[in-house]
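Could you build all of it, start to finish, from the sequences and the hints given here?
Sequential numbering from 1 applies to the sequence shown in the numbering used here.
Read the hints as simulated data drawn from the structure, not as lab findings. One thing to keep in mind: the hints can contain errors.
Claimed, not checked - Here are the simulated distance ranges between beta carbons:
(1) V142 - V74: 45 to 53 angstroms
(2) K185 - A149: 45 to 53 angstroms
(3) E184 - A70: 45 to 53 angstroms
(4) K185 - Y147: 29 to 37 angstroms
(5) L217 - G63: 17 to 25 angstroms
(6) G186 - A92: 31 to 39 angstroms
Note that the Cβ used here is the ideal one computed from N, Cα and C, for glycine as well.
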Amino acid sequence: MATHDTEVIVVDIGGGGGGKEPPAGGDGGGDGDRGRRPRKPPQRRYSTAITLGMISILIFFLGLCSAFLALKHVSQAWVPLHLPRILWLNTAILLLSSYTLVKARQRLSAIDFPAFRKLWRVTTILGGLFLVGQLIAWLQLVATGIYIASSQAISFFYIFTAAHAVHLLGGVAALLYVATRDFEKGEISRVTAVEVTSYYWHFMDGLWVFLLLLLYLGR
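Below is the structure:
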């Protein structure tokens, strides 16, 4: 009897082990799924992210602009600022970069990759020239003894131009990313990366024109 009972127990345990076969088969299916080429995630999320980013940047600069206008009207020690002339050249360079970026997107749509890469590099170089030009403007002011603490208007000039330059530097980094990225291995597609970068770049161009007009008309 003892022997028979032991055999029954062994058989029951074997039956339980057989119940584990489906999970093993499921693992095999998982191996097959992992062998497939991974799909790119929804590209819309990148457009949403850059839109939220631009909104936050806009709110930040609107706060600065509100403080600029409010202080200008109530301050008794407001001294008008004479803008460096190189700012107008810098603005022309930045607007030209927006034009070359539009042409680059057109070449990409036409599947003309050599022309796209050339125009994209030109846009990146123009962005770098703009930043160099802004640095020259600061150096010109410093050379004449005008520092960030010289007056309230000067303080806002340095804050506006420096904050914009930092954000535009992010745009230059995005341009370099698109120029050097291997999109076959990435999650974001080339078309989406170009589109998102273009939105941001045009936004920063328009923001600079607004800030320059504010500084010029708000003297």
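Going down the list of hints, with the structure as the test:
1. V142 - V74: 45 to 53 angstroms: violated, 28 angstroms
2. K185 - A149: 45 to 53 angstroms: holds, 49 angstroms
3. E184 - A70: 45 to 53 angstroms: Holds - the Cβ-Cβ distance for E184 and A70, about 52 angstroms, lies within 45 to 53 angstroms.
4. K185 - Y147: 29 to 37 angstroms: violated, 48 angstroms
5. L217 - G63: 17 to 25 angstroms: The hint (17 to 25 angstroms, Cβ to Cβ) holds, given that L217 and G63 are roughly 19 angstroms apart.
6. G186 - A92: 31 to 39 angstroms: Holds, since G186 and A92 (Cβ atoms, about 34 angstroms apart) stay within the stated range.
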